[in-house]
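Chain D is fixed; fit chains L, B and H onto it per the hints.
Residue numbers (the working numbering), protein chains in the order written: chain D, 1 to 215; chain L, 1 to 215; chain B, 1 to 215; chain H, 1 to 215.
Any given hint might turn out to be false.
Unchecked claim - Computed cross-link-like contacts, EDC-like style, restricted to lysine to aspartate or glutamate with a CA-CA straight-line distance of at most 20 Å:
| no. | chain 1 | residue 1 | chain 2 | residue 2 |
| --- | --- | --- | --- | --- |
| 1 | D | K202 | D | D169 |
| 2 | D | K21 | L | E108 |
| 3 | B | K79 | H | E137 |
| 4 | B | K21 | D | D103 |
| 5 | L | K19 | D | D35 |
| 6 | L | K8 | D | D35 |
| 7 | B | K49 | B | E14 |
| 8 | B | K79 | L | E90 |
| 9 | B | K62 | L | D75 |
| 10 | D | K15 | L | E90 |
| 11 | L | K15 | D | E90 |
| 12 | H | K79 | B | E108 |
| 13 | L | K21 | L | E198 |
| 14 | B | K8 | H | E137 |
| 15 | B | K8 | H | E37 |
| 16 | H | K8 | B | E84 |
| 17 | D | K19 | B | E84 |
| 18 | L | K79 | B | E108 |
Read the hints as simulated data drawn from the structure, not as lab findings.
Protein chains: 4
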Amino acid sequence: MSNLNIYKRQGFGEKSGFKGKSALLMVDFVNGFCDPEYYGGGNIIDAIKRTRILLQTARELKIPIAHTRVVYESDGSNKGIFCEKVPGLERLTENAYISQIVDDLTPEPNEYVVRKTQASAFFGTGLVSWLIARNIETLVITGCTTSGCVRASVVDSMSYNYRTIVVTDCVGDRAIGPHEANLFDMQQKYADLYSADEVISKLKEQNPKVLSGKQ
Amino acid sequence: MSNLNIYKRQGFGEKSGFKGKSALLMVDFVNGFCDPEYYGGGNIIDAIKRTRILLQTARELKIPIAHTRVVYESDGSNKGIFCEKVPGLERLTENAYISQIVDDLTPEPNEYVVRKTQASAFFGTGLVSWLIARNIETLVITGCTTSGCVRASVVDSMSYNYRTIVVTDCVGDRAIGPHEANLFDMQQKYADLYSADEVISKLKEQNPKVLSGKQ
Amino acid sequence: MSNLNIYKRQGFGEKSGFKGKSALLMVDFVNGFCDPEYYGGGNIIDAIKRTRILLQTARELKIPIAHTRVVYESDGSNKGIFCEKVPGLERLTENAYISQIVDDLTPEPNEYVVRKTQASAFFGTGLVSWLIARNIETLVITGCTTSGCVRASVVDSMSYNYRTIVVTDCVGDRAIGPHEANLFDMQQKYADLYSADEVISKLKEQNPKVLSGKQ
Amino acid sequence: MSNLNIYKRQGFGEKSGFKGKSALLMVDFVNGFCDPEYYGGGNIIDAIKRTRILLQTARELKIPIAHTRVVYESDGSNKGIFCEKVPGLERLTENAYISQIVDDLTPEPNEYVVRKTQASAFFGTGLVSWLIARNIETLVITGCTTSGCVRASVVDSMSYNYRTIVVTDCVGDRAIGPHEANLFDMQQKYADLYSADEVISKLKEQNPKVLSGKQ
Numbered sequence: 001m002s003n004l005n006i007y008k009r010q011g012f013g014e015k016s017g018f019k020g021k022s023a024l025l026m027v028d029f030v031n032g033f034c035d036p037e038y039y040g041g042g043n044i045i046d047a048i049k050r051t052r053i054l055l056q057t058a059r060e061l062k063i064p065i066a067h068t069r070v071v072y073e074s075d076g077s078n079k080g081i082f083c084e085k086v087p088g089l090e091r092l093t094e095n096a097y098i099s100q101i102v103d104d105l106t107p108e109p110n111e112y113v114v115r116k117t118q119a120s121a122f123f124g125t126g127l128v129s130w131l132i133a134r135n136i137e138t139l140v141i142t143g144c145t146t147s148g149c150v151r152a153s154v155v156d157s158m159s160y161n162y163r164t165i166v167v168t169d170c171v172g173d174r175a176i177g178p179h180e181a182n183l184f185d186m187q188q189k190y191a192d193l194y195s196a197d198e199v200i201s202k203l204k205e206q207n208p209k210v211l212s213g214k215q
Numbered sequence: 001m002s003n004l005n006i007y008k009r010q011g012f013g014e015k016s017g018f019k020g021k022s023a024l025l026m027v028d029f030v031n032g033f034c035d036p037e038y039y040g041g042g043n044i045i046d047a048i049k050r051t052r053i054l055l056q057t058a059r060e061l062k063i064p065i066a067h068t069r070v071v072y073e074s075d076g077s078n079k080g081i082f083c084e085k086v087p088g089l090e091r092l093t094e095n096a097y098i099s100q101i102v103d104d105l106t107p108e109p110n111e112y113v114v115r116k117t118q119a120s121a122f123f124g125t126g127l128v129s130w131l132i133a134r135n136i137e138t139l140v141i142t143g144c145t146t147s148g149c150v151r152a153s154v155v156d157s158m159s160y161n162y163r164t165i166v167v168t169d170c171v172g173d174r175a176i177g178p179h180e181a182n183l184f185d186m187q188q189k190y191a192d193l194y195s196a197d198e199v200i201s202k203l204k205e206q207n208p209k210v211l212s213g214k215q
Numbered sequence: 001m002s003n004l005n006i007y008k009r010q011g012f013g014e015k016s017g018f019k020g021k022s023a024l025l026m027v028d029f030v031n032g033f034c035d036p037e038y039y040g041g042g043n044i045i046d047a048i049k050r051t052r053i054l055l056q057t058a059r060e061l062k063i064p065i066a067h068t069r070v071v072y073e074s075d076g077s078n079k080g081i082f083c084e085k086v087p088g089l090e091r092l093t094e095n096a097y098i099s100q101i102v103d104d105l106t107p108e109p110n111e112y113v114v115r116k117t118q119a120s121a122f123f124g125t126g127l128v129s130w131l132i133a134r135n136i137e138t139l140v141i142t143g144c145t146t147s148g149c150v151r152a153s154v155v156d157s158m159s160y161n162y163r164t165i166v167v168t169d170c171v172g173d174r175a176i177g178p179h180e181a182n183l184f185d186m187q188q189k190y191a192d193l194y195s196a197d198e199v200i201s202k203l204k205e206q207n208p209k210v211l212s213g214k215q
Numbered sequence: 001m002s003n004l005n006i007y008k009r010q011g012f013g014e015k016s017g018f019k020g021k022s023a024l025l026m027v028d029f030v031n032g033f034c035d036p037e038y039y040g041g042g043n044i045i046d047a048i049k050r051t052r053i054l055l056q057t058a059r060e061l062k063i064p065i066a067h068t069r070v071v072y073e074s075d076g077s078n079k080g081i082f083c084e085k086v087p088g089l090e091r092l093t094e095n096a097y098i099s100q101i102v103d104d105l106t107p108e109p110n111e112y113v114v115r116k117t118q119a120s121a122f123f124g125t126g127l128v129s130w131l132i133a134r135n136i137e138t139l140v141i142t143g144c145t146t147s148g149c150v151r152a153s154v155v156d157s158m159s160y161n162y163r164t165i166v167v168t169d170c171v172g173d174r175a176i177g178p179h180e181a182n183l184f185d186m187q188q189k190y191a192d193l194y195s196a197d198e199v200i201s202k203l204k205e206q207n208p209k210v211l212s213g214k215q
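Next comes chain D alone, as it looks inside the complex:
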């Protein structure tokens, strides 16, 4: 029996869908994660290009937008076990080039830039409070890597009871095997998978007044 059939037979993989207000989260699209000399490679550059289109729509629709960056103190005072497993991570400091968000997705004023030191965008950050203040029910997630910080953020998003959307062509990874394995896991248990085009259609349906200028 295939993996898919095993999961289907046990009742996994249903949809949680879109509901209420949505926000857009872009995980760790920073220079160091789109450069194969650091933590990049694979399909991450493609994911950034697709995310740019989604971001533009989100801005037009006035959807709340958050970006994440991994940022450690430059004196090493808040390094932890993550930096023992992956020693170079501690170079991702406030002013380091590799920890700046990529040019294609530069945050605009009023977009929330979450500084984090762990995999999940929620762990030790103000993200859940920010979402609650905006009355969000659905969290659309893009970013990298699929098998790392995206997966960890998706699990927490679902655990807080957000309807969680992974945008399949807007998440990327340095290696394609883990990318695909994690899309499978997330779809079965934690999130719905949609393409950027599908998400754009959904968001426009949810926010017709904004587009027609009647807000």
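Using the frame of chain D, we list chains L, B and H on its own:
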């Protein structure tokens, strides 16, 4: 280039090791997760058998022990998005047969039984407070499923800065592909992989006085 | 200068108000906290009587309702520092009379009963996920004691960005000095103070359709 | 019956004491909280002076040290309900004079500076992970204000199961009534109260090797 080489070249996969006091966490080894008619199958039964040996050693060495169960209220009052992705989960109630810990691993008095409703053993539970009270620095994790609640618990364990050990022959999954893909991810980024035999040796080294009766 | 003037001059004590959907939280109204032989006394009995009226309105208006109880494992496996500061707390176990919700406020099916071991209703519990699933923006808080578990829950509620309402005649404490001192602190920094009558009017305004049977 | 007698009769106010390794936390000793034109006044300046002595001892003893600052984004992107209750708080931005730690307590490299947006030093921050990485069992807390961010941090510290020490002459508040009322609450339920001199003696007892240069 292989997945492993991509990760190695970027500095992933170092060891965080054992340090200080250890605790043993057994994730969701309940009847429903070792029965293929519910959420079981694959190599879960084998993982339970191996965990039994590890548990016995942990008890002899007086190592703090925690078990987890998924438990929802029987009136459905705390169902959430997880139960929309996997509708049957809500049957895991306090007194349901499928949510009882398996006979081979029945908790003894003073072992902590964590009731949870999300994937991670830490989310919305008292687990981190329990570990802090016991001055733990290393968390040894077994359970099921590797690609689900074990993975989620491992990510949180590392994020709290516990040195995290996944016992490769004491974690199991309903399907082997996701089991192996998640062992790869965890080893590269969040945890060290050890066999039960290796963990038993390490724990005995750390606790020589207990074994010789001089505690 | 009076305390109030010092705070006013520095810009404290503004209102955050009601907005969006409300939920009702009743903190630790259990037998042991309304009996002076255990942890009760003062104005707690009066607070329970007033809360009964508010609860009835909330039920009529179909407002989401949560209760909390302090519940420790009967084998002591999850005792912590709180039980060192207040040793008797560990007697509040699942089946103990003193940890049962008082008869006047017995939970109905579908009302969420939060089991907790710390002061705050949010710490180590599923409460924030429950609130997010119900799209709540305003949390109305009653319970006991004002200077203990109510205060701790209010601080967390505000920190998660819920507009937080303390119902002055529905919170009580074993001693009146701490009750009043904590109402002052909460009003200045974390929550708005309203009487039960005022809250009932506000909730009816927010939910006119339910009352007229048109839901 | 006095407040104290009511609490004593019900078993409150026991000691949790010092145990294991200690860390020092200094809450919000920033320029804006020692200036009565912003959020200062009362006995805060005195608390800073006493804390300077305690900090010097902690540095000599190589005890882990953390400072907190309230820091909001300058574009207002992470303002929340706290800024509705106390509108001026949003002026506490990364580079604002009022959010810099006071000269007497300037952090040294390797001391952890926690940026926070809520009352508790733990809420949405990396503090608990930092403490776990350092194997801390006892948290010594100073700062301001006693009735605000100190109280909130103390409640969370105890909830995570840290033995929590409030240094009575190293915490301060803009108004003395709330200062004293909160010392009472904390002593009864969450923390032990010690003077700076007593804490210095305790820390020296715990760390004799460091002082004698044998570390």
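Discussion item. Run through the hints listed earlier and report the numbers of any the structure violates, in increasing order.
Written reply: Hints 2, 4, 5, 7, 8, 12, 14 and 17 not satisfied by this model.
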